[in-house]
Structures are given as C-alpha cells and as structure tokens.
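**Student:** If you want the building blocks of each chain, they are given just below.
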Amino acid sequence: MPYATHSAAERAAMLDAVGVDDPDDLFDVPDSVRFDDEYGIEARSERATRATVEGALEDSADMVEFLGGGHYDHYVPSVVDHLSLRSEFLTSYTQYQPEVTQGFLQALFEFQSLVVELTGLGVANCSMYDRATALGEAALLADRVRAVDGDRVLVPDSLPDRVRSVLDNYTDGPDIGVDTYPTSSGTVDVDALADSIDDDVSMVYAATPNARGLLEPDLSAVGDVADDHDALFCVGTDAVALGLLEPPAAYGADVVVGDASVLGLPTTYGMGLGLFACREDYLRQVPGRLVGAGEDAAGNRAYTLTLQTREQHIRRERATSNICTNQAWLALRAAMHAAWLGPDGLVELAETCVTGVSDACERIDALDGFTAPVYDGHHFREALVNCADPDAVVEHCRDEGVALRTVADGDDEYLAVCVTDTNREQVDALVDALAGYGGGE
Amino acid sequence: MPYATHSAAERAAMLDAVGVDDPDDLFDVPDSVRFDDEYGIEARSERATRATVEGALEDSADMVEFLGGGHYDHYVPSVVDHLSLRSEFLTSYTQYQPEVTQGFLQALFEFQSLVVELTGLGVANCSMYDRATALGEAALLADRVRAVDGDRVLVPDSLPDRVRSVLDNYTDGPDIGVDTYPTSSGTVDVDALADSIDDDVSMVYAATPNARGLLEPDLSAVGDVADDHDALFCVGTDAVALGLLEPPAAYGADVVVGDASVLGLPTTYGMGLGLFACREDYLRQVPGRLVGAGEDAAGNRAYTLTLQTREQHIRRERATSNICTNQAWLALRAAMHAAWLGPDGLVELAETCVTGVSDACERIDALDGFTAPVYDGHHFREALVNCADPDAVVEHCRDEGVALRTVADGDDEYLAVCVTDTNREQVDALVDALAGYGGGE
Amino acid sequence: VPHQQARWFAGEQYEPLLSEKRTETVEVDSSLPDDLTRDELELPAPAEPELARHYTHLSQMNYGVESGPIPLGSCTMKYNPSFTEDIAAHPGNRVHPLRDDADKQGILRLCHELQDALATIGGMDAVTLQPPAGAAGEFTGIQVAKAYHAAEDDERSEVIVPESAHGTNFASAAMAGYDVVELPSNENGRVEVDALRAAVGSETALLMLTNPNTLGLFERDIGEIADIVHDAGGLLYYDGANLNSLLGKARPGDMGFDVMHFNLHKTFATPHGGGGPGQGPIGVRADLEPFLPTPQVRETDAGYETYAPAQSIGRVHEFLGNWLVLVKAYAYILRHGDEGLERVSETAVLNANYLASQIDYEVPYGPFHHEFVASADADAADVAKAMLDHGVHPPTTKWPEIVDEALMTEPTETESKARLDDLAAAFDAVAATDPEDLAETPTATAARRIDQAAAARTPRLSWHALDEE
Amino acid sequence: VPHQQARWFAGEQYEPLLSEKRTETVEVDSSLPDDLTRDELELPAPAEPELARHYTHLSQMNYGVESGPIPLGSCTMKYNPSFTEDIAAHPGNRVHPLRDDADKQGILRLCHELQDALATIGGMDAVTLQPPAGAAGEFTGIQVAKAYHAAEDDERSEVIVPESAHGTNFASAAMAGYDVVELPSNENGRVEVDALRAAVGSETALLMLTNPNTLGLFERDIGEIADIVHDAGGLLYYDGANLNSLLGKARPGDMGFDVMHFNLHKTFATPHGGGGPGQGPIGVRADLEPFLPTPQVRETDAGYETYAPAQSIGRVHEFLGNWLVLVKAYAYILRHGDEGLERVSETAVLNANYLASQIDYEVPYGPFHHEFVASADADAADVAKAMLDHGVHPPTTKWPEIVDEALMTEPTETESKARLDDLAAAFDAVAATDPEDLAETPTATAARRIDQAAAARTPRLSWHALDEE
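Chains as they are written, first to last, in the UniProt record's numbering: chain A, 1 to 441; chain B, 1 to 441; chain C, 9 to 477; chain D, 9 to 477.
Just so you know, the hints here were simulated from the structure itself, not pulled from any lab data.
Hints are supplied without guarantee of correctness; some may be wrong.
To be verified - Partner residues are not named here, just some residues of chain C that face chain B (Cβ under 7 Å, in silico):
id, residue
1, 55
2, 56
3, 57
4, 90
5, 91
6, 94
Glycine included, C-beta positions come from ideal geometry on N, C-alpha and C.
Bound-form chain A, shown alone:
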C-alpha cells in the first residue's frame, strides 16, 4: 500500500492489541459473500501512474474551442490555484466543528456575500452542483413555498436539452410538470408567455444571457407575468454576466440560479458550481448549506453553518434537499477569483464577453455564405451563425483544429460560437477556418 503507515513491528503490536493474527480475521463477512477473485488492477508507482493517466489525457486533440453552451472558459489567475490548494482548505471536511474551521466558513460567508451583491437578493447558499441542478432545486423550492397548489413550471423553448433533462428528473418525484413557453427571434415572447401561464404555474424561468447568447431585453415584463399568477420568477444567469447586468432583484426575480464556476474554474469537461440565491422570505426553505455570522464564547465574531434543520442529516425525508457533499471548494475559488478581479476587473471581464462575440460576429458576417449573428440584440459570449450546412462546417473546422458546435432552433440549425477572454485572440483561426470552407474571405 503506497501510503502504508505501519512498520511491521507496529502492525504486530496492533494485531496483538486487538487479539488477532491477521487483519483478515477482523472481517465479519460470511464466506458466501467473500470476494476471492481479483480485480485485475495492477499497482504502479506514483511516476508510472502519472505517466498512464497523463498519457491518456494527451490522447485528446489539441484544439481551439469556441464551444460554450453552458460551460465557459475564463482565465483564472495563478494565485487562486496556489491558495485554494493549501491543504487546510483542500483536505478539510464540511464545517461541522466551526471552532477549527473558521477560515473556510469565513470564505463561504464571503462567497455568499458576493452572490448577494451580484444578484441583489437577500440569501445565497454555499453552492449547488451546477446550473442545471440549481434550476431543479429552484423548481422544488417553488413547489414548497407556493401558497396555492401548483404543479407546472414554465421554461423557455430554448432551454438546452441537457438542462431540461436534469429539471425533468428533479421534478419527477413531486410530479411537477415542465412546460415550455415560446421564444421569438431568440428572446422571450412575453405575450406568448402570458398565454401559456395559468394559476397552476409555480415558477417561470428565464435566462440572461439565454441559450442563444442573447441578453433578454425585458425581464421585468417576464417577472410581471409571473407575479400576476403568483408564480415565482426564477432567473438563470452567471457570475460574470452579473458583474455587468442589472441585479435580477431589481426587476423582480425571486430566485436566481446559474453558473458561478465562470469564476475560479477554467474549462474542465463540464465541472461546475451551481449558484443559488433567493428572497429572504424563503430562507427556511432554501436547499443546501448556509453560513451565518454569530459570536463565540469570548464575544468575538465567529462563523458557523446555520439553519441546519433544513438539511438531510437532521430533517431526513423532510429536508429541503438531499444535498450533502456540495461544491464548497469551487465556491472558495470563485470568491478568490472575484476578489482578485475587484469590481473593475469583473466589469471589464464581462465587457469582454460583450465585445468579443460581437467583434467575431462582425468578421464572420463579412464572409461569403455566413450571417452572424442570426438574431438582433445584445449578445454575451455566444451568438448563432447562419450558413448552408452547419454540420459540414463543423466537420471542416474540426479538421482545422477549431471546435465549434451546432444548435437546433426550431426547425433550423445554426452554428454557435462562444468568445471569451481566453479565445478571443484565436478568432483569427476561427475566421480562417470558416473562410476556408468552400467560399473564402
């Protein structure tokens, strides 16, 4: 065993103390279910293990990515790695003994404060798994806090299938229906939404930036529709966009969900950090962990997990969520990244997400055979591009080492491009790859 802790003499002394000759004798496992075979996994040195796993990782292609679609890449400063990898943070447990975990508790309190500042809502939890599970939890929250019985939530028809599928699983237990309302030219069709809604709706969800990369122009009107039917208004967004955008509370959001891993976490095959904030009214129905400020016996400010009676380890089947292990370490990293940026850095990063995609669209639009963006409006990171055979274009670009994706929008299919601070200097490669497809610049 590579992390063997006992010398032979120590092991013998311990066996002696417990009165057996072999640790195997301590296993009270009937022979009928004993495992006598082998897994067939060969042990290897640390160096060989690294060579094996890193060797596999190097098997993936070397590409410039313009993918987005729910997972976004921003440059994370080195200091975030160095600090978050400190073992006192990385290897610690959930803060059930607050006297020896003040450091992490304070960091989570600061994360919550950041989310409160960005959303304008009164309460933020310490994390959910990702934006999709946060949306699922929002639907369950709506179900719990809604005065009248409601068994439907409304989501835009542009909600990505991946997110919808998670929502379907979350709403399956309490038998909440998930219905879509129409979008038009890429954004919410408020009139159509008003037609779709009724008093059985517990929650209306809209996202900004939305799945087409557009900033919704009138979420206030969406909120009004929800409000008219006593439905919760849930807004999906992310922590970078919120640096620039109006705080959702200002236009009536009751719940904000989304992605906070746009801070602190670069592209890592979809790993995320679910953001969850809501109005203070729902405090005792919030899913997940909350950190509060209090006092210790010496009268000093101290932090602690609070309102734990909402949680599964105490409330069991009546808990506000089954979540136990969450994404605390990523919340720590997000808070670090935000502090590193400061308000001007965060605004600047967000503005890059506005100008980067619009500049790219302008260049793509100038190419024969491409129109970008497909929809008018203000884009954030992403936009759709129209062309004759999107799938063929994607294939062509792959050969050029450029990763793009297609998006189905009703009966149409488009290219989607995502531009952030980390790939905007490679837009040349994208434009060249597109230009090289059939036509030319």
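On the provided structure of chain A, position chains B, C and D as indicated by the hints.
**Tutor:** Chains B, C and D alone, transformed into the frame defined by chain A:
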C-alpha cells in the same frame, strides 16, 4: 503596476502625509544621472506573460536525455512540490528572527542531520550553491585550517573542466595552486598520486562516483596518502550515492562536498544544491550557515542559526566565506525527498543507479561497433562507451531525439551515457538510436 | 522536551472580512444600453498581496487532513495523495464537454476505464460516472430503479430505509417521490429480518442499505435480506459510504445488491474540499443498464464513443459531474492496484479496532469494521469540543441515535499507530475530565465555543447583514 | 469586534523531529561488493501522510511574505507573484544543460532576452546571468575587474568599501585576494569625497558602492566619485541590493559604474526560499565584456548559441546558477514592463517615506528612498522581538552601525497603506513600552526568546548531537 496596493485615495493621503505632490519628488537623484529614456519593455497580463515565457520554453526540443555529467535527474514525488511551495516556506527570509522561523530552522536542522548521517562527518552546513562551489569552499577551508603553509591542492586529471574552472576562480584570491594527479583506467592512480604530493599540498580531492561514472575502489589508500602529508582529504560524491556507499568518514575523509540536489530537484538546466560536511575540528572555519538546537525562554527546545560570527554580515572581510543567499529552499526539498524515500527507498534508488547503467552497457556492448563500458569496475549512473566516431554518433542520436554527450579522456574521446530511474525505461530508444548508426543490432 | 502533541493552531485570532479591508465601487460604463446594466458595482478590491495574505490567514484557521487526523465516522477522511492534484492540473483536462467524441478520446478512454474499474470493484455490470455527489448518486439510483419498475409496469411507492441509515437515504428517496418506510434495528444493531419481512410488499421499490452499516457492523443476513426484497419484486440499493471497509474482501454485487453508488471522495481519497466537490458514480446489474443516465461511454473499433442507453432516465447533471474528481479517483485506483486496495481496507479495519481497544469509552456494538460507535458518558458534543483542545479533530457525534451520546469514529487506514495513540490519549484525557468542565471547551482554537442557536435565531448571512447592524 | 492585526500564529507549539517519530534501519544488500557499501542505513521513515503533516506543521511555525510584511532593510521582501511558480513548473524547464545548443533554443532565447533586459535596466553593455547569488555576483564582478586590470598589466591590490556597505562587499573583495580599505561616511551618511580622494591610488582596483546606500540615501556626488576612481585607473562596482529604488529613474551605467550585480530575488521578486536560491547576474561596460564568465549566449542567423568570451574568467558555477530564478525574474519583468517597473520604485519610495512619517522613532538621515534607518531608544534587538508580538516581522536591527540601535526598514512597494499603518502601530506600541519589559518578549510566537549565545557555546548541529545527550 500589477500588484498595485493603493487606491487613488490612499495614494493621495500618503503623498499628503509625506508632503509631496508626486512620488517622483521623493527621488533625491541629480538630473545629470536621471534616466529619461525607456527600457522598451511592454507590460502584459499574467496570462500573456505566461504565454510568452512558456511559449519560449516550448521552443526547446523534445528529447530523451542520457546526459548526466554533473546534473542528474531522479523522480521527485509530488508531495515535495506541494509542501515546499507552501508560502510560509517559499517566501520566508533567512532565519534571523528564529522565534517566527522555527519551522524552517527545524527543517534545515533535519537536512544537516541527514548529511551527517550520510557522510559520517560531524558537521554539515545548510547548503552551498552547487558541487563546484562547494569544492572551491573546501579548498579555502583547507587553506585556513592547515597547520603548515600549503599552497597547492591536488585534483584528479579527470575533474570536469566546468568544475575545475570554478575551483580556479575560488583559489585565485589566496593564490592556491591547483594541480592534477593521474588517473589510470578511470580511477585514481594511488602510486602516481603519492608521487605528485608533497608537504605543500593542503588538500587532496577525489570523487566517487567519479567523472567516468566509476566508484573509486580504494579511497582509503587515497586518504592515507593525504594524511601522510597532513593534507585534508576531500571526497566528492552525492546524496543518492551516499545512500549505498560507505560513509566517507569511515575511510578518512575530512571534508565531503558534492551534489545534494539529486534529492528534491529534477533536471532544471543545471540548478544545484552544494553539499558540504566536515570533521567537527573545523567547526569554526566552516563556510555557510549552520543551524543549532538550543532552548527558548520557556525551556523548550528551539532552533537557531548559530556560530554566525563566521559569517560575512558580522565578520566581513575575515568571514569564512562571502556566502549570504544560499540554497536553503532546495535543502528543504532534499530533506523532504529523503524522508519520503526512507532508508529503504534511498538504498533502492541508489541501487537503480548501479543496475541501470550496467544493464544499459550490456545492451550497448552487444551492438556492433560499440564497447561498453570502456573501463572495468563498478559504475554508478554513468559509464563511457567506445566507438569509432563519437561526435558523429551523438549527431545521429540527436536526430533520433536522444541526447548523449562525448567525453575526452586523455587523447581519447568516448560517448558517455547516464541512466537513472527516470530514463531507464527509455534505454530502448538509446539502444535503437545507436544500433541505427551505421551498423545495427 | 516532552513529546507534546503538536497543535495545529492555538490561541485566538481574527481576520477581517475582505469587505472590511477595502472595497471599491465602480460606475459601470458599458457598450450595452443602460437599461440592461447595473449602475455601479461594489466589491472588495484587495491587491494580490493582500488577497494572498487573507486566504493564507483563513487557511491557518482551518483544520484539514494534513493538519491531523479527522476520524469522522462515515466520512472516510483519509490522506489525499498530492500527486493526483498534479494530474488534475494537466492541460489535457482542459477539454470542453461538447467537443466531438473523436476530439476527446483521452477523456473518454479514462471514463471507460474508470467505469470498468468501478464495476469490477462493486461487482456490478455497468457504471455511470455522472452523479456529482453521493446523494446525487442515491437519487440517480432511485430514479433508475423507478424507471426499471415503470418499464415493467410495476410502479411502486415505498423505499425502506433502516433507522441507522445516512440522512441522505431518506432525503433522496423522498425527493424521488417515494414514501419512506423506516426500519428499526435489532438489538445487535443490524437489520431486523422479521421486521423487514413485515415491511416489504408490493409497494416496495427499494431497500437502501449501507454494509457495513453506520455502526461498522456487517449485515451478515444480507443473503436472506436480498431474497426477501427480491422475492417481493423490490430492488436492493447499496449506499457506498462505507465501501472503504470492503475493498478486496467483498463486493456489493455479490451480496445481491442491484444498484449502488460509490463515494469517490471517500473510498478513493479525492479531497473533500471543505464540503465538496465529490462524485457519486452508480453501478447497476445488467437489467438496469438501459435506464442509466446519458451519455455512457463505450469502446468501439473506431475508438471510444458516447451513447444514450435505450431507456435512459436522462441526466442528473448538465455534463459529467466533477470531472477532476473522476480523474483523481482513477489515479488513486491505479496507484494501489488489487493488493494495495485490499490492504487499504485491511488497515482501515485494523486501525478502527486498535483505536477502539485503546480508549476508555464503551463501544456497545461489534464486531465492527472500519468504524465504531462509542458511547460517551457525557454530552457527546461537549466531548468533541474538548477533543479540539487536544489538537485533534473529534469523531461524528450524537449519531447514529441508536447509541447514547454516540461518538462515531472512523480513523481510516492512513493514520499511523502513533497518531492513533495520540487520538486515544485525547479521547481518554477527555473521558477523565469532569463533564461539567467540558462545557468551557474549546479554548485553544481560533474561535471559542460558538452559539449556533443564537446564530440561527438571527441569521446574518452576508456582509450586507453585518453592515446593517 | 475590534480590528486586531491578524496573528499568523499564537501560542506555544512543538513538532518532534522526524527522527523522533519513526526511524528505520535497513541492512544494505547491493550488487556492489561489500567493501564499497555501507552496512546499514538509518533514516526517518514517515509514511507520506505523516510527512505531509510534519512539514505542514513546520510551515505553520514559519513567517513568510504571505503571512505579513517583512520590512527587512536591504532585503527587499516584496510579494512574490505566484504565477511565476507555474512558469517554473512548466516541463520546458526540464532541459539538461549539456544538450547541444540547437536542442535548447527555448532556454537560450530566454537567457538572451533576459541578458538584454537586465543590460537595459542597468545601463550596462553586457550581462552574464551565471552568478548564483548576490555575493557570488560581487565575487564574479571583482574577478572580472581583476582580469581586466591584469590584461592591462596593471595589477592592483585594494578594494575600497564604505563602512556602511553590506558585509558581502568586504568578504567578496577579500575572497578575491584584495586588501579591503574601509571608507568612513560623512556626517550626512554618504561617501566622504575627500576621504575617497585620499584613499584612492594606483593600488585601487575597485570602489564598491550601493546607491542609494544602506541608509537609503542617494550618493549625490556619484559623478565626482566616479571621476576620482576612474582617474586613478580604478573601476566602480555597483552593489545591486538597493536597485528596487531606481527602476525607471536612474541607471548605474549612467552614473559611471563599470560593473554591477542584480539581486533577482530582491528587485525582481523571486522568492527568498528561507535563505535561497537567489541569483546575482552581473552587468559590465563594453570593455569588460571579454572577461565575463563562460558561456555567454548570443543570437545568430541560425538561432541562439553559447560561446566563451575571448578572455573569460571561466566559471563561477558549474552551470548557469539557479535557472528557475532566472525564468521567474524574466516573467516578472515582462509582466511589469517599463511603466510597471517605474511604478514599483515610485511606490517603494513612497511607502518608505510614508511609514517613516508615521512612526515615533527618529530617522536621523534623509532624504531616503526605498528604505530608512530609524534609531531606537531601546535595544534594537529587543524592539524587534517585541514587534513579533504584534504579528509583524521586524526590520533589520543594529545595522548599519552608523545609526545607534538601528532599525533598518524597507517596506517595499507591495505593502498596502493599511499594512503600513499596521506596521507603524506595531513600531509605536513598542516605542511606548517600557524598555525593560521588552526583554520578556516575544510571547505570542511559536518559540519564546531563544538563547543564541548558549546555542553557540554548545553547538548541537544534528539529531545525532541530541541523541548523545
């Protein structure tokens, strides 16, 4: 400035407190020597800086190295990086305030203890720059402690030019002569050494493993020759070899110098860690820093820099060395690596250095046109290989992505190969490259 | 100098909030129209040196596995090998999940190999890696079971959970829409087979068990239990939280379990990160495979490819959960191999038994495996606080409730004998302390005892709440 | 809650030596003959988890720049940007120095660019990167000067050093075989020009100066000083320890210096590592270039190549010193650029002046730049120990001796106003303390005051020495 610490308001308050309008006004620099031009260096973001420097680093070729020659590669476990990069270690200063630097002091005390254990000598310092400067300091020590006037040190004719050149600079000031004594079939010719020595010799140096990769078979005899003339016997070796070899004190070494960076530091363009140990008699003439155990006011064991009156900041021109900044952090890493290995791990690693090169020689020797090793005897990491046109072979191997070097030995030129734990699995590539040169296996 | 236990931290300290140090307010001036943007943004704005010190100080007020032992029962707080962090930092992880399969072969290969390794270790036929945590794995497993029953036109309404089970079992079952039937333990701390027989019926979708259970006891009647559940058409769910006791010794699949989750952050040593991320892959027997989440990974002649199982329940995470946890866990498995993994469990069980033999508290149930539950003769929470003053982290307290003033203790295999002796000394020093004095503890920690009830009565959950005071 | 200064650590703690925890002795069984090998080897043998805890605990007993300010005069303990560590970890650094030039173009390119950048910053014509530390740079520079004089058949025997110079200046000159002539300071704390004129002669090889000097004072007579030395056939050496005050403002080359060293670990922020590694490149004017160490790097049409200068002094390190320090320093320079570097010095000077304006100790000499020397009205060493109890690192004490009970203070540019205010509060709290009470300090540190004299009387320099007790 990327690490700007003052807001505009703070800066204004500070300027006000010191009574100037602009920090430039604080510079009491005559106009005649003011710099009004530009350096012409463009600032860039952290990300762009990384891209620039890492981009340059990627310009070097991707090669399998069998180079050795004073700089050796062993696998350093990950935990050494993680622990040594903890900022409390990495960013701390020399331990002039021991009450807040007990941690580093203890680690250096443990490093000294490791070197004492490996060499068998009574005193080890906290580090020199590298093996060559450690040898230079040994010559200066010999000059100081030798009872009778001596103005020559003897080194083997196989001493690498790079090391010799450093020794020449160190011995230039006190006008110590450096003479060579002959080696024969790769090892010390003891009789010839006895002929070379006289009472004007203050130090005799010999290395094991030596520059031909051979373990010296009879250093006891070398020590006797030195002793007969009251010269210090200085042995050059390294921290991995010492795990397996007889402790130099056992065969009469007065001083041991060499490379300790074989522990804790992988290949990094020649960066090193000079090992320096000597008999307790010379304690007050030791160059460099020493950590001692003492007591604090509460009666607890505590560590402190000690015998600082030897050092330049106190003794100035009469100091035992001019060294100030040393290689403390690498000593920390070496101690970590040694502890990670434990005695069995260190012996096993050293044994790999014995078997790896001998296995490689056997395979090379089986190739047409190659003889390996050139000299009989026991090799450690390195050996010489004989072939018709070594330079051409090296060129050929370079084209195959295999880095080798040649060594001049008298009028002869040979290939040198170095095999450790990190390249022994690539010996196939070496053998293939050699086989592909003209002949074939 | 006496050999004291090293204290990871002693004495009071205080680090202001970043917002108390320096905040800046910027007016937002954007290319976007004003009605879309905020007017201003106020956030902390530390220079990087101050940022580094802030978090360095906070870390120094935090206790991790590299500070000392964390013998929290059911949490498996073992040493997290640092080399796995280097693998996680490898640029080959920086692959977007929406790439074409052909362009992410390295990732898919690792997924496939890890699926196989976990299936082998669990004795399962198929594995999905997707669930982002243990509780998410439970929920996923229950949804899979539900889909299976639905496909058989055999919808059921109940999940049976022993009283000593983890709270997540109850919560996950409820979240999936099931009624939870709680099963009492027998006097030996195990499932009461007769009670189970009485509880099981045509509404039984699942029995959820952890084995060894939370008392560390192996459910020796597992064969009979499985038969009872299966005979009623129910499925058997294995809660993998305690798998660290069984590596190389027994497999849930061989015991008759149909679905299980793995806690990679427990058994396979990925760091807990102060609460997460974890990862909770699930394994299933062959006839449940069609219901697994999408995508799965398979190997073809052309390489690895993703696919949707025929009757997939869809997704429980937008992508694949916490990728970096997966890759670290796989590295841990490869590093250990068969023999190393078996030795992990043997040593974990030896360590628990040794520690129990050295402490002055009674351990009412046995024989236990990798964890045991001692009974304090004082308030267990007070015992825990007092242990902090001895420089160690205490066990899980007051749970499972089946033991009075429970001290649920899992030392794990990476504790040395000397550390176990230190832990025992801490237990025993507290046991020898007058219970009334325990209430004053801890005193050697960064904060003194915190009034959690008061904090919950007046929730202050952000710096804004503090500003308002 | 009052705003206390955060204490990085408070209270007594103790970590046993690894050798006191567990050692193992192995019998050596090798393929080598017995007479070459040791019989056995005894060393500590901690398992990796215990190794990690040992060094984690030791680190927690250590104060670094990320713990708080370290205002040590002449040491330039600024923040070390962590991204440079990532660059140092890049696999492209794993290049053996004996590779063919063509196979290490990346390394050579960086060397060449850094040589150029340093030459520009120093106002020098050529730079060697080789010396592994500042003192090594001094020694190298003196050897170069000696070779220059020897080539002119003008061998000289003396090096002149001001009394306030760094101890290394004296030691390096002596090591190179020169007699050291100490030059007194004038009443303004600067070089006394008349005394210099008297000291200089045909035996004068070099005058070594640091400018600003160790009192932080610019040698305004530098033009005259240079003329005096040059007229006598001597050379002027610039000790780069205080270069952090001049970036963008003045260049040693423009002041008439012929040789200089750079302390990359000071001015260019590479971490001090508890004592090292540093790196001390030297710059020279054109006619000294032929004597520089070998190899140098130049750019040709075919790429970068190494070469030996025509009359090279040879080597002062077997390879290129501390490569990783070089690459980190270059990254720091690129990150800052012209404007950033100038701002570094401006802020360093502003910070020193601001701090001096806030403390209750007298600062006898001025106007100073990036550092100042205050005079304590108590034992300066006691003042330092008392400051530790306020959670900050004290300044350099009792040196330079030109100031009574000197507190030589260099806050650097990376300290915020708030930190400077904290530092001032610590100075002032100590100033307000009865000097007799200072002897009892420190009490809030990992160790209490250590009896260094006793430790030196009975040197115990390894665990073996402790065993013998």
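**Student:** Does each hint hold? Answer for all of them.
**Tutor:** Verification of the hints:
1. Contact between residue 55 of chain C and chain B, as hinted, is supported at the beta carbon level, the nearest pair being about 4 Å apart and thus within 7 Å.
2. The beta carbon of residue 56 of chain C comes within 5 Å of a beta carbon in chain B, closer than 7 Å, and the hint placing it at the interface holds.
3. A cut of 7 Å between beta carbons decides the hint on residue 57 of chain C: the least distance to chain B is about 6 Å, and the hint holds.
4. Restraint check, residue 90 of chain C versus chain B: the minimum CB separation of about 4 Å is within 7 Å; hint holds.
5. At about 4 Å, the closest approach between the beta carbon of residue 91 of chain C and any beta carbon in chain B falls short of 7 Å, and the interface hint on this residue holds.
6. Annotation: residue 94 of chain C was flagged as interfacial toward chain B, and the flag holds, the nearest CB pair being 5 Å apart, inside 7 Å.
Of the numbered hints stated above, none is contradicted by the structure.
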